[in-house]
Structures are given as structure tokens and as C-alpha cells.
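Asks: If you want the building blocks of each chain, they are given just below.
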Amino acid sequence: MILRRAMGMALVGTMLSLPAQAQEDTRRVASTALCGDQLLLTLLPPARIAALSAQAVDPGLSDAAARAQGLPVLPADAEGFLWAGADIVVGSDRGDSQTLSLLRRLGVTVVRMPPTNSFADAMEQLRSVSTVLGAAEVGQALASDNEQQLARLLAERPTDPPLAAYYRPDGGSSGQGTFMNEALTLGGYRNLAAEVGQSGWGRLDLETLVLHPPTALITAYFDRPGWSLRHKFSHHPLFRRLAASRPTIALPGSLVACSGWPLIKGIAFLAAARPPAGDHHD
Amino acid sequence: MTERRLSLLLLLALLALTGWALTLGTAPLTPSMMVAGLLPDLFPHDDPRLAMVMQEIRLPRVLLGLVVGAALGLAGAALQGLLRNPLAEPSIIGTSACASLGAVLAFYYGLAADFSLALPLAGISGAALGTLLLLALAGPAASTLTLILTGVALSSMAGALTSLALNLSPSPYAVTEIVMWMMGSLKDRSMDDVLLASPFVLAGCLLLLRAGRGLDALTLGEEAAASLGIALPRLRVQVIAGAALAVGAAVATAGSVGFVGLIIPHLLRPLVGHRPSAVLLPSALGGAALLTAADIAVRLIPARSELMLGVVTAIIGTPFFCTLILKARRQA
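Just so you know, the protein sequences line up as chains A and B, in that order. Residues in the first sequence are numbered from 1 upward in steps of one, following my numbering. Residues in the second sequence are numbered from 283 upward in steps of one, following my numbering.
The reader is advised that the hints may include incorrect statements.
Far from chain B, some chain A residues (derived; all Cβ distances over 12 Å) [as the list claims (entries may be wrong)]: (1) Cys35; (2) Gly95; (3) Ser101; (4) Lys265.
Derived, one-sided and incomplete: chain B residues facing chain A with beta-carbon distance under 7 Å [unchecked claim]: (5) Thr305; (6) His327; (7) Arg331; (8) Ala333; (9) Met334; (10) Val335; (11) Ala394; (12) Ala456.
Treat the hints as calculated values from the structure; they're not laboratory data. Idealized CB from N, CA, C, for every residue including glycine.
Same shape as in the complex, but just chain B (with noise of 0.2 Å):
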């Protein structure tokens, strides 16, 4: 298949996914409300709530939704491409943990009850601390290892100040809260959620998209690459900064949710073959499509309360892994 023909494919899904996601919640409202709801200029309606229910709080959710998914898909892709190697995953860089550390701390401290964006900031300056930190102790020449031993590092380091803010924390609540958000939710985010995830996530997206053609030749090699003219510390940067943009963006505002980005590109490599560019957009589209259908299933799945996004993409993702890697099997 190729890569368009894939990307339309998904594209498809994606849209009818979106639609279904937007049917979606506790309040009772029958087809024509929810038009009535998202286009009340057409469609007029005497019940203020629809437009609030349909506009302020199924809509910032699904496009979060895609946001987050496309972000966590095309980095997953594009770090497995730079690093060479197919466990990679967003979260390798360290950037998760440090987007969570900083959200984490924006709960600890009680910002996040005074003032709703204190949240998605406080994530999206760990992760921008974060990324600094890599860059800098690692240096633009590091070799693929260095980076890897780098981001555990920092995500070890990260992990162990989270759980110490746990530890400390003041209030049972506020380790309830925190221990939640880090599983990963998109319920109840506001326009302003999306508005501020969207510019970042956009930025790294693109950054990662340029980087297809220095992927494409890293497969030959180092050296190889090096002799085709592509500057690979420059290349390191460029998908690392991207990277850590979009992924930093999306968990500051997500939290974290894991396995997206580590399956989409190999759900999909094998149909579009292994050149890492072939793989970028269609990961993109499908992370999208993963997170939005693992958010329909938080939603359908009855539970005493809402079952938590990164829960649900691991409980997802698993099997689909586990069939790969048997299929992988039987084809060695």
C-alpha cells in the first residue's frame, strides 16, 4: 500500500471516529441535538446547555484527542527512525517524565486549583527543562547510546522527584489527583487546553515531518548518512526538539499515556515498507485514530468512575503487540 493510499485510509477512520467520539457523554442528547448543539446558528435551539455540552465540552475533548494522538504517533515514528531502534518511544527522551514532574508539580504546590492553565504550563516548561538538559548533557555529536542512557536518566531522575512530591504531598486528595492525572485523562479540558497545546504540537509535528529524507538515509548507516550530505547532529536536534515539542504539549495536557506512540509505527510499517519517512504521516493519522477510539472505549467501557486514557491504550495496545511480535515470529 502506499503511503497516501494509507494515510487516506486512516484519514477515513479518523473522521468517522471523531464523529462517534462527539455522541459521546453523560449528558442524554439525541442526534439533532448535538447538530443543534455544534451549529446553533442553522440549527437554533432554546437549550443553552447544548451549545456548552456540544462546543465547550465534547468538541475540546475530541480535538485534544487528536492532537495528543498525532503528536505521541509521529514522534513514536520518528524517534524509533533516529534512534534505529524499534523499542523507542516518546517517553525515551526523558521529556514525558519531565512534562509530568513539572504538571505534578503545578498540582503539589495547589496552582492548578487557582488557575486552570498552571497545569498545562507548568508540563510544558518540564518538558522545554527538560529537553535543555538532554541537549546539554549529551551534547549535539552524541551517538545514538548516549542520547538513549541520557533520556533514561532524565527520566529516571524525573520519575523519583514525582514520587517524592507523592511522598510529601500535603493532602490525600492531592496524591489521588496526582496519581490519576498521570494515568492519562482528555476529560473536561477546555478550548484553552487545545489553544495551548496546539501551536507547540504543530511546531514539533512539522519539524518532525521535515526530518523524513535524513531518516530515510540514517538506515544505511551513520557513516552512509554522513556521505549522502545529511548533518546528523543537526538532524539529532531537529527530531529531538520536535519531539520533545509535541510530546511535552500533549502530556502537559493529557498526561501520560503510554504505548501509543511505541505501537502505531509498527502496527503500520509493515504496510507502507520500512522506509521511516513512508511511516511518518500515517502514524501521525492513526495515534490520532488510536487515541480517540481508546477515548470512545474510556467512555463506553461501564466503570464506577471513568477509566483512565493511558490505561486504556495499554490494555489496547498490548494484544495488537503481542499478535505482531507472534507474526514476527513465524516469519524469522
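Excised from the complex, chain A in its bound form (with noise of 0.2 Å):
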């Protein structure tokens, strides 16, 4: 309760030192991608939002989907953005390279987002771009907000975390060197994957899960819709099985598509979700 009342008291402070920026700045900006949008929605008045991608308003993803709603979507399309009126354009380090070096040319400032694999990382690029998008002030607010946050959650962290195997629909999960890892570390667990040595993207088969049973199952995009074949992992007898007889916590994945923000977030979720240790066995 303490928790989400600081993250309130975080979103007005940040909505009050809006209009000082607005004035200072009128550069129209755009995002090519949904950590971008998240971004734009985070760190600048709707004025200043060129255009948002298609993600922005879908709420399965985007954190911030509420406020994208009556802003421009646009397909990540040069001449459109041009159009928009574009002063700045935000995209991923990966997608739209086209798009993005001719708009380059044509002299819009092209900022690309790399994921970030840790929270100071992430922190960091927060104060960057925010500094690029004439949002300084703002991002520096958010990132101190965020760490202080994080502070007061790692001092609650358990001595003795309980065991946790994430998982998406498709039996991916995330080991050591990924933003999910440091969610799950941050937030008071031990990654099962990272623990039998894996890292990056990878699957967590279901013979690890067997033989390392976890205190808890924490799912994300269990929820989405149309991702058929994706989801056969999920429908597998033996995993559906093991999750019924353990807590099993669904986390909401607008909190950890990005890694950037809003991974607190996320990482507040899973640390309110916490299920105390104890050893489990089926």
C-alpha cells in the first residue's frame, strides 16, 4: 500500500514540472516503436507528441496506453513523419533502419533506444534521451523517483528469496544478462534460469522445471490474445500441472515489454507479489 501510494505521489510530481518544460521547448517528436511511446508519454506533454506507433495504445503492452489515447498513430514511415512535423524521431536499435537513416538524411535528429540489460542502465538512458528530447529535467525526476524507489524495495528484500521460473507462452524465459533477470533479482527472487546457468532469451525446458521445481511460477503474456502456436507451451499438461499446485503469479507484461521504464514497475509488482521461500515438492 505504502508502495503504490509513492508511486502515485511519483507520477503527480512528475505531472506538475510538465508545463515548466512545454515552454521551453516546442520540438515535435515521434516514436517508431514501444519503448519509445512509453517514453514520449512519460517525458513530454501531448503537444510535443508527433506521433506514437500502433503499440502505444494497446494496453496489453504499453504501460502508458492510457494517455496515448487521441494521440496521432502513425506507421513507421518517413514521409508521414516528415509530415507530422518530426523534429526528433525515437526508434529501436534494431527495426525501421531504413526509415530511420532517411529521415536522418532529410535532417530529422534520430535517437535509437538500444534495450538496456540492467536497471542502471536503463536508468541511465532514461537521463540521456530524456536530455536529447529537451526533457532534462523531467527524466532526471523520474530516474531519481525510480531509484529511490527501488532503494526502499531492495531493503525489504528477503534474506532467503524464493525460487522463481519465469516464463512467456512460448516457454522462453530469461537468464543471466537480461532486463527480466534483474527484475526478478531486483524484486526478491532467485531466477531459476539464470541458476542452471543459462543466459539470454532461451527456453526453460520442462525437465529443468521438473527436476528444480521453483517456489513460484511467474507468467507473463499468458494473456494475450491470437498467439496460437505460441501458446502450446503453455497448454502442455505436465507445465499446466506444475503451475496449479504452486503460486503462480501473472505478471502484467505492459510492466516488462521495455526495459527502460517502466521495468520499476515491474519490479514493484513482483516484489508486492513475493511468496515467502520454502522449499517446494510435488
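Now that you have both chains on their own, put them together as the hints suggest.
Replies: This is the structure in C-alpha cells:
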């Protein structure tokens, strides 16, 4: 509860500091991908947002979907961005390469945000990108606030963290070096995929799950519609039995779809849902 | 119909399509704004974005479509003549797959993000390496069968390595970008891409157009062609090098666009007779027209995100092809 209130206060704080920025900087910014969308919606007043990507309004992926309502959504297309009057375009480090290169040629400032894999890197990116966008103060405030929230969460972290297995519907997990591993660790869990020596976004197979029964299962995107083939893993009878016999935490995909902001919300969600540690045997 | 007459008709169609393609885009421009954007000296306009949209976004896209389409159509016609196989298409000699692989590697290592010409340059390098490998493996005296088999082997190998890159890809965004790129597109290409691809395509097309006499002789059989004074090994190297130059540069800048090289010669051959040399120039023009038409369709078909060019050429191409098959069946 305290935590939720603290997050609410932080949001109010960022909202209050917005008008001051708007007077100084009128450059308009567009985004070609989800992570940029959420950053724009968090850092900039609506008048400065020239265009967002289609994912921005998807509440299952974007934590800022509500704020995206009514703002222009454009496909990644150089002509569209130019016509929408974008002075700056924020994109992912992979994807839309041709569009972003062409925009750069046409004199538009292009910011490519690579995914960050640690909380510290995410905060550094938040600070640097917000400076480029002319929203340095809001970005600084948000980053400091996130860091303070994290410090509070870490103070409550148990000495004996529960073992958790993280799953996407296709059986994919997240080992060492991923921001999900960071979220799990900072949220007060031991990450099974990392403990069995996996790194990157590989699969955590059922046999490993049986051999190392975790205290809790953490699932994300299991509620996404239309991913039929990918859902196959999540319908495996053995997986369903293992999931039914232990706490299963459904982590909203919108909190962890991007590695930067709003990762802190994902960490807070995980910490709030954390079951007590304890060996689990089937 | 004579070759000259058909070429003239195709040229007219091409001009009309080119004009239409220039009017399409996300920016809502009136015809007078488009003219002002293309000819700012004659029709001054105070919005600097007009010239940018027309000259640096729409014009390169249309020009690249012409260059790529001509390369694919001509290479298809020449290879069908050389291999005396109606199923031959530019990808059969493995160049397309090798050019794709080169570009995919540029994506994989993130070079495409750092430097905009990295992508076409990597594609052209892939195509060049693939072709050298093909010529080295098959040898200049290779039979048609050896050439096709070597091309298929090269294609499979490049395809496998492309899949490997997808398999090991570090980020899901990279996978999406690679997959989308492989379906072919002319979206948001710049004049740099046009200037990079054109010399290779032009050189390749000149080599192919000059092979007409040899290809005509080859229809009589290899021995008869040799007795007519055609140096077959030279003809093979000329056609393969020409196709590789043209198609490699095309794939490197626009991704893999299938079907154009296969169907265009088939569509035009009944109109000009079955002499391979008569199909060459019309195929270049027809390929350019088909690709431009497909790129128009890509932008007219309403979809959540722009359709990919290779998808549309296949969708447009298949019904045409099926009609041809039915017609051939009735005649047989």
C-alpha cells in the first residue's frame, strides 16, 4: 500500500513539472516503437508528441496506453513523420533501419534506443534520452524517483529469496544478462533460468522445471490473444499441473515489455506478489 | 507484335505507372504541390517539406522500383534462355540468396543501424562472393545441369546460414526486421540506394542485352550453337555475371522480390515470338512495370502496416501464371 502511494506521488510529481518544460521546448517528437512510445508519453506534454506507434495504444503492451488515447498513431514511414512535423524521431536500435536512416538524411534528429539489461543502464538511458528530447528535468526526476523506489524495495528484500521460474507462453524464459533477470533479482527472487546457467532469452524446458521445482511461477503475456502456436507450451499438461500446485504470478506484460521505463513498476509488482521462500516438492 | 512495338507499349505503361506511383504517399499532397515539390525552381513553394517528400522520399522509391524491376525481369529472361528451362528465374543461380545473406549479416551485427549504406554494400558483397563461388565450383565449361545444381546448393547454403542468423539473433526486433526485409520492400530508400544499385544493375543489364545473339543460337542446341561460332563458356560467364551484377544489386537494396523474373518473360514471350533475344528488352521494361505496379498496390491496399513487396508480386503474379498454364494446356 505504502508502495502504491509512493508510486502515485511520483507520477503526480512528474505531471506537475511538465508545463515548465513545454514553454522552453516546442520541438515535436515521434516514436516508431513501443519503448519510445512509453518514454514520450511519460516525459513529454501531448502537444510535443507528433506520432506514436500502433503498439502505444495496446494496453497489454504499453503501460502508458491510457495516455496515448487521442494522440496520432502513424506507421513507421519517413513521409508520414516528416508531414506530422517531427523534429526528433525515437526508434529501437533494431527495426525500421531504412526509415530512420532516411529521416536522418532529411535533417531529423534520430535517437535509437538499444534495450538495456540492467536497472542502472535503464536509468542512464532515461537520463540521456530525456536530455536529447529537451525534457532533462522530468527525466532526472523520474530516474531519481525510480532509484529511490528501488532502494526501498531492496531494503524489504528477504534474506532467503524464493526460487522462481519465469515463462512466456512459448516456454521462453530469461537467463543471465537480461533485464527480466534483473527485475526478478531486484524484486526479491532467485531466477531459476539464471541459476541453471542459462543466459539470454532462451527456453527453460520442462525437464529443468521438474528437476528444480521453483517456489513460484511467474508468467507474462499468457493473456495475449491470438498467439495460438506460441501458447502451445503453456497448455502442456505437465506445465499446467506444475503451475496449479504452486503460486503462479501473472505479471502484466505492459510492465516488462520494455527494458527501460517502466521496469520499476514490474519490479514493484513482483516484490508485492512475492511468496515466502520455502522448498517446494511435488 | 514486333519487339520494338511491344517495348514502346511497355514504355508508355511504365511512364503512366511511374507518374501514378509519384502521387502516392502518406502526406496529403495536391497535384500542384507534387509538381512544386518535384520542380521547386519552376514552381516555388514556401513549404520546404514538399521538395523533401517528392525528391528525397517518393522519387528514389520510384526510381529504385524501375531499376530493381528491370534487373529482375531481364535477368529472368536471359537465364531462361541460357539454361533453356522455363522454370529458371534469377534466384536459381544462388545470387539472390547470397545477397540476402550478406544483408542479413549486416542486420545481425547491427551494422544497418550505424551506417545506412552498410546494408546494400553487404548485400552486393554477398552476391559477388556467391557468384565467384558458383563460377569456381561449376567451372566455365559446366553443363546447364551442373550450373543449376550448383546454384541450388549455394541457395540452400545461404538460406541455411540466414536461418542460423535468425535462430541466434540477439533480439526479437532484429528477427522481425530481418524477416520483413527478406520479403522485399522499396519503402524509405534514399537516392544513395539508387546511386549505389544503378551502376551494377546497368552493367549487368548491358552484359545481358549483349548476350541475345548467343542465346538465340543456343535454342538450336549446344553443338549447333558452337558450330555457329558461339563460344559457350564465354556466353555462360557473360549471362551469369550479368544476372549476378543486376540481381545482386537489386536484392541488396530492395530485399528478395520473387516472381518478377519468372513470370515476366513468360508473359511477354507469346507476344514477340520465342526468340530469346526478342524477349530481353521487353522483359526489362515489363519487370520495371510490374514492380512499380506492385509497389502501387502495396500502398493502395489498406493494411495495418504496409504490405511487403515480395508478397504482392507473388499475389499478382500467381493468377497470371495460372492463366498461362491453362492456356498452354488448351493449346497442347
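Asks: All hints are to be evaluated individually against the structure, with a verdict given for each.
Replies: Hints, verified against the model:
no.	hint	in the structure
1	Cys35	10 Å, violated
2	Gly95	5 Å, violated
3	Ser101	3 Å, violated
4	Lys265	21 Å, holds
5	Thr305	12 Å, violated
6	His327	14 Å, violated
7	Arg331	6 Å, holds
8	Ala333	10 Å, violated
9	Met334	5 Å, holds
10	Val335	5 Å, holds
11	Ala394	4 Å, holds
12	Ala456	4 Å, holds
In this structure, the earlier hints numbered 1, 2, 3, 5, 6 and 8 are contradicted, and the remaining ones agree with it.
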